[in-house]
Structures are given as structure tokens and as C-alpha cells.
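In order, the protein sequence lines correspond to chains A and B.
Everything in the first sequence is counted per the numbering used here, starting at 376 for the first residue and increasing by one.
Everything in the second sequence is counted per the numbering used here, starting at 2 for the first residue and increasing by one.
Bear in mind the hints are in silico, worked out from the structure with no lab data behind them.
Being a predicted model, the structure only gives us computed values, none of them experimental.
Cβ coordinates follow ideal geometry from the N, Cα and C atoms, glycine included.
Just to be clear, a hint being listed does not mean it is correct.
Listed below are several chain B residues computed to face chain A (Cβ distance under 7 angstroms; list not exhaustive) [unchecked claim]:
1. P154
2. T155
3. A164
4. D165
5. G265
6. L284
A few chain A residues that don't get close to chain B, going by computed Cβ distances all over 12 angstroms [unchecked claim]:
7. D489
8. Q541
9. A562
10. G571
11. E602
12. V738
13. L742
14. A773
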Amino acid sequence: MQWRTTRHWLIIPIFLGIVSLLLAACGTSSGQQPVTLTFSSWQGGAAGDAYQAVIKAYEKLHPNVTIQYEVSAATDYTTILNTHFSAGDPADIVAFSPTSYNKAPYVQAGDLVDLSDQPWVAHLTASTKITAASDTDQAKIYALPTVQDMGGVIYNKDIFSRLHLQIPTTWAQFIQVCQAIKAAGIAPLAVGAKDGWPLEQFLYNELVNTVYRTDPTFHTQQVAGTETYAGSAGWKQAINDLVALEPYFNTGFSSTDFAGTTDLLATGKAAMSVNGDFTLQPTETNNPNIHLGIFPLPYVQDSSTKPNLTTFVDVTLGVSAKSHNIPAAKQFLQYFAQPDVMASFLTQRGGLATLDNVGSYKVDPALTDALPLLGTQALNEAVFGTTSNVETTMWKDAQAVLTGSISPTQMLQDMDQAFKG
Amino acid sequence: MKRFAPAGLASSMPITATPARLLRLPRWLPDVAFVLPALILFTVVVIYPVLSSFVYGFTDWNGVSPDVHFIGLRNFTDLFADRNVRIAFVNTLTFTIVAAVFQNGIALGLALALDHLMGWLRGLATALRILFLIPMLLSPLAIGYLGQYIFSPTFGALDTLLADAHLESWTRDWLGDPHLALGSVIAANLWQYVGYNMIIFLAGLQAVPRDLYESASLDGAGEVQQFWHVTWPMIAPATTISLILTLIGGFKVFDLIFAMTNGGPGYATESVVMRVYREGFQLNHFGYAAAISITLCLFIFVLSVALLSILRRREVVV
């Protein structure tokens with residue numbers, strides 16, 4: 376029949392078309408196969424923009440690669456990580472934080488790729504390697520630390536100059552400075568207790584000068600069950616001393632959040648804030664004429680003991696072992712770790728380098744005085760080994776202690792309970 | 002079938018009148034067919050998770066791990082000894098009772114005033130009714146952030162107003178003081194929902210037959226007597242609805258507190274639902290969070306049934 380013959384003739388060009396399409400597809404796969412990588416993080420806003428800039432530059436160099444940067448709310452990030460890993464579909468590149476979103480459980484479960492053979496590993500500094508390595512084996516690297524911050528007392532240089540104040544080097548001097556500032560009608564310390572975590576920053580800046588300075592194995596002993604928060608006189612003293620500083624806090628510190636503290640600093644209504652260097656950027660944005668600096672919280676009794684700053688790696692990037700694009704994900708991290716890329720990223724994001732070969736990048740002038748201290752007077756917050764449960768409990772309980780609702784002992788017992796999970 | 006053809010028509014055309022009869026489908030099938038999709042969706046999205054939470058309340062599930070163990074009543078015994086859960090229940094009860102009393106009291110007063118105003122200034126009464134309802138149209142989160150601004154001790158409107166009125170000694174850290182924070186949250190909640198309760202009372206008031214007032218007036222009853230012997234019994238159904246809705250809303254309060262104080266300072270304003278959220282989503286104690294939810298659910302159920310039976314007794318059928 377005629378129609379059947381016509382249909383047979385049509386089959387030949389269709390077949391040829393399919394074959395040529397398949398050949399074209401094979402040709403692509405052997406050369407520039409399209410790759411889509413997912414990148415999970417809690418870093419949005421200005422910090423997120425800095426990561427997006429790196430991604431865009433990488434995509435421009437590798438047109439076959441698309442990287443989807445997926446931002447989740449910081450408060451839900453632990454839940455999201457757990458859900459994705461337990462469901463077996465985590466992102467290809469996953470952001471962790473050494474404290475709040477620790478990679479340790481995923482390393483233990485074999486969910487992350489061992490990155491020890493990557494070229495950038497040789498350039499990790501001593502203080503950042505601890506955050507990149509496995510908790511149990513420092514020789515094995517599972518993440519690329521992208522940025523390091525420092526913490527201490529952020530202070531308004533103009534107020535210090537006007538009141539003829541020197542940078543205190545002991546706790547007694549620090550109290551005297553607070554008294555002098557208060558007498559001048561200015562809040563000595565801007566505290567954003569409503570958010571909870573700024574109180575944790577306060578405690579950490581105390582404890583790097585006591586418990587974890589004298590005994591860096593405190594966390595290891597906790598894990599072994601031979602040490603507890605409630606059993607630590609140093610932890611209890613740190614909380615008591617935080618409470619004793621309450622008269623020097625801004626009015627309404629309990630209902631003030633972090634943004635409120637940067638407003639107080641920017642407007643000169645407060646002179647100091649114990650926090651990370653990420654406080655600088657929003658404060659300077661609010662008041663471009665302000666002159667800020669940072670010094671270690673002098674939580675020491677005599678001036679012969681040099682107080683420590685805190686350092687902390689904000690973000691580390693790991694590669695999921697379940698990823699179908701492990702080589703591509705590793706290649707992206709390798710690109711990120713290149714000295715010029717890292718320098719460009721740090722200039723946009725702010726903060727300090729995590730690798731020793733990073734080219735020159737813009738550092739906030741407020742950090743200049745403190746930079747030389749990083750080698751000798753700084754302790755990385757990774758030594759605390761706190762989990763997300765401990766941190767959440769610490770934030771709420773520190774608020775409750777400051778308002779007199781619970782005792783420091785109760786707070787430490789709650790933290791011990793949270794530490795057990 | 003009546004739905005497709007009138008009875009008379011159906012009798013004259015017994016077989017061909019309706020498609021259902023053609024297919025010999027049972028009478029209930031079309032009804033079920035219409036209800037079934039929604040029922041399936043409701044079962045999957047609501048009923049199944051609710052029933053699941055009843056099961057998870059007896060486990061140690063962390064929310065993500067497939068490793069789940071039945072631990073009997075341990076979650077329930079633990080929650081009775083948990084200080085934070087106890088505080089959350091006390092806060093929630095305080096919030097609910099104070100809100101129920103003040104919200105309904107003020108709403109009733111406003112409804113009575115508007116009901117009187119309707120008689121001679123209907124336009125103004127309608128405008129006021131809309132005005133009182135506006136806060137209810139806003140999201141509780143928006144109200145929460147607004148409340149945060151009003152009560153802030155640093156740049157807040159309330160303390161600024163007090164200071165401008167030379168009442169500096171009255172200024173407070175309204176949301177940072179554990180003794181004032183819950184009251185401040187209740188005040189914001191009251192401002193948002195009083196209009197809603199007012200509408201319920203107003204509907205009840207407008208349904209009261211006017212001749213009852215005329216009869217009472219002829220019998221010599223004054224305004225107060227008319228209220229106690231006519232209005233109050235006649236608006237009993239509205240009171241029941243308004244109270245029950247306030248109670249349920251109070252027990253499940255979350256978003257307003259989340260925005261205004263995040264449960265703080267410390268645990269001073271943390272509600273039960275907020276505790277459930279923290280245990281489940283922040284501490285990964287899903288089994289325990291489910292147990293708290295079950296306890297709250299039973300608590301609301303018992304209280305609602307008890308209150309309904311009490312309030313129903315005083316309802317009058319006209």
C-alpha cells in the first residue's frame with residue numbers, strides 16, 4: 376500500500392537524525408560535558424555575594440559548569456544538613472562551620488570526601504588546619520576553610536582618645552576603663568543579648584584566657600567523660616564575671632540584637648563590644664567616619680600574661696561522598712584556593728586568609744593593630760568543640776542567667792545535658 | 002437521581018434520565034468521588050502526620066535517622082520533670098488566661114459601644130468596625146516586629162513617648178525584663194485580635210431581638226438590668242465561640258512571640274509551641290517534641306470540652 380511505503384521512506388531520515396544526535400551527544404561527553412554542581416550554605420547577604428562572585432568567575436572560565444548556590448536560614452541549617460545527608464541527596468559542595476555546623480558527624484559516617492591529596496592542603500595554616508581536618512585524625516583533611524575571623528574587644532578609638540583611655544591589659548584595668556566610659560555618659564559595652572550568640576562570643580573571649588589556655592585538652596576530656604562544664608571552676612567563673620559586667624552593658628541589652636549593637640557603636644552611644652571582626656563592616660557602613668580598633672579581652676590577672684584574641688574559621692567547604700560530580704567539585708575547591716581567587720574573595724567578604732599563599736587583599740584598617748598578635752596571642756575557637764545543641768542551650772541559658780532566672784551552675788548543667796545530645 | 006432530574010421526570014424516563022442510572026452506579030458514588038480527592042490530600046498532609054506524631058511521641062527519634070526505638074512513656078515522664086517545659090506551660094497558661102479575660106472583656110465593651118452607635122451614627126460605627134479589624138489583617142510576624150520597635154528601650158516609641166511626657170521613671174526595658182516581657186507580648190496580641198472578638202460579639206448583639214429590650218423596658222428594667230437579664234444570656238453562643246477561639250489561639254501562640262522576643266529573655270516568654278519547635282528543629286529531639294505536642298493537644302481538648310459544657314449550659318435558644 377502506498378501510505379505504508381511512504382512511512383518506510385520516512386523512517387530512514389528519522390533514524391539518521393537520531394544517530395547524528397547521539398553522535399553529537401557522545402562528542403560533548405568526551406569533551407565539555409555539562410555539569411551542574413549544587414552548593415549548600417547558610418551564608419546569604421553580603422557574605423553570600425562574595426561566594427556568588429567566585430562561582431560566577433568559575434562559571435565564566437568553565438562554561439560547561441553551572442553551580443547552584445543554595446542558601447538556607449542559619450537557624451534551620453543543621454536540620455537541613457541532617458535531612459539531606461540521611462536522605463542520601465546532599466549538595467555536591469557543602470558548607471560547614473567548625474562550631475555551629477560541625478562536619479565531624481558526617482566525617483565519621485563517611486559522608487565526606489577525603490581531600491588530603493589536594494594541592495591547597497600544603498598551604499593551610501596551623502590555626503586553620505584544625506578546622507579542615509578530621510577530629511580524630513589531623514592528617515586527614517575533609518574541608519577547605521575559606522575565611523578566618525578574629526574576635527576580641529571592638530572599640531571606638533575616638534571615644535578612647537577623648538577620654539584619654541589606654542588599652543587595658545588586665546581585667547582590673549578593663550573594669551576601670553568601663554567605669555570611666557560609664558562616668559562619661561556612654562554605655563561601655565554594647566551587648567546584643569537578644570540574639571544569644573553574642574553572649575557566647577563574650578564567654579569564648581574570656582575562656583581562651585583561662586580554661587582552654589591552661590588545658591587545651593578540656594574538650595577531649597569531655598568526650599572521654601572525665602570533664603564536664605558544671606565541674607569546671609573556670610567556666611563558672613567566666614559566667615560570674617560576665618554577670619558582674621552587667622552594669623556596664625547598654626540599657627535594654629536583653630532586648631537588643633546584634634544589629635542594635637552595631638547601631639550603638641556607630642552612633643557613639645556605646646564604646647566597646649566583645650565580638651568578632653564581622654562587627655566592623657556594618658558599624659563602619661552606618662558611620663563611615665568612625666575609627667574602630669580591636670584588642671584582646673584582657674581576662675588575665677596580671678599584665679605579664681598576654682591576653683589572647685579568639686580566631687575562628689567561619690566557613691569550611693566539603694565535598695559530599697554521595698556526589699556524582701566529585702572531580703568537578705574538587706576542581707572548584709582547587710580554583711577557590713588559588714591565591715588570586717582567595718584574595719579577591721577576601722577583599723569582598725572581609726576577614727583573614729586561611730591559606731599561607733594568598734596574595735594581597737584588603738584588610739579592614741581596624742584590624743591592623745591586632746594582626747601581629749595572631750601568631751602569638753590567639754586561640755582558635757575550634758578548641759571548644761561545642762555542638763549545635765550546646766550552643767543553642769548556652770545562648771538561651773546565658774540570657775536567663777543575666778536576667779537572674781537561673782544560676783550559672785544550672786546553665787552549666789543544662790550545657791552538659793545538651794553535650795550528651 | 003434527584004440531583005440530575007426532577008422526580009416526576011425521572012419516573013417518566015426511568016432508565017435514560019441520568020448518566021448515573023445508565024451506569025447503574027450507587028447513589029453515594031458521586032458524593033464520594035467529589036469528596037475523595039480532598040480527603041486523600043487532607044489525610045496525607047494532616048491526618049497521617051498528626052497520627053504519626055502520636056506514634057513518635059513514644060520513640061527516641063531524632064528527626065532524621067532511620068534508627069528509631071520505642072521507649073514507652075519515658076518522653077512523658079521526662080517532660081513532667083523538665084524545667085523548661087514547665088516554664089513554657091506556665092507562660093502559655095498565663096498568656097491564654099490573661100488574653101481570654103482582657104481580649105474578650107475589651108471586645109465586649111467595644112461591641113456594646115458600636116451596637117449603640119449603630120442606632121444613630123451607622124457610618125461612624127461601620128468605619129470604627131473596619132478600623133478595629135485592620136490589625137487582625139496583618140501577619141502576627143509583622144505585629145511582632147512592630148511591637149519590638151514600639152517596646153524597644155533604645156529607640157522605641159513607647160519609652161520615647163513616656164520620656165517626652167516627663168515620665169522617665171516609667172520607662173522600662175519592656176521586652177528585656179523577664180517580669181514585663183510576657184505582659185508586653187500579651188498587649189501586642191490583644192491589640193491585634195480584640196477587633197476580631199469584637200466582631201463575634203457584635204454579630205451576637207445584632208441577633209438579639211429588639212422586642213426583648215422593649216418588653217424589659219416596659220417591665221421597668223434599666224440599662225444594667227437589661228444587659229444582665231437580656232443581652233448577656235442572649236449573646237451566650239457568641240461568648241462561647243469567642244472564648245474558645247481565644248483559648249485555642251492562646252495555646253498555640255508562636256509567631257508573635259518568635260518575632261517579638263524569640264522566647265526570651267532566657268525562657269521568660271517561651272510558649273509550649275515554641276518549646277516544641279526548639280526541641281524538634283533545633284535540638285533534634287523529635288520524639289520528645291512529639292510527646293510535648295501530644296500533651297498540649299490533650300490539654301487543649303480536655304479544657305475545651307470542659308469549657309464548652311459549662312458555657313453551653315447558659316446558652317439560650319430563641
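A quick look at each hint next to the structure:
no.	hint	in the structure
1	P154	holds (3 angstroms)
2	T155	holds (6 angstroms)
3	A164	violated (12 angstroms)
4	D165	violated (17 angstroms)
5	G265	holds (5 angstroms)
6	L284	holds (5 angstroms)
7	D489	holds (24 angstroms)
8	Q541	holds (29 angstroms)
9	A562	violated (10 angstroms)
10	G571	violated (8 angstroms)
11	E602	holds (22 angstroms)
12	V738	holds (31 angstroms)
13	L742	holds (28 angstroms)
14	A773	violated (8 angstroms)
Consistency with the previously given hints fails for numbers 3, 4, 9, 10 and 14, ordered from lowest to highest.
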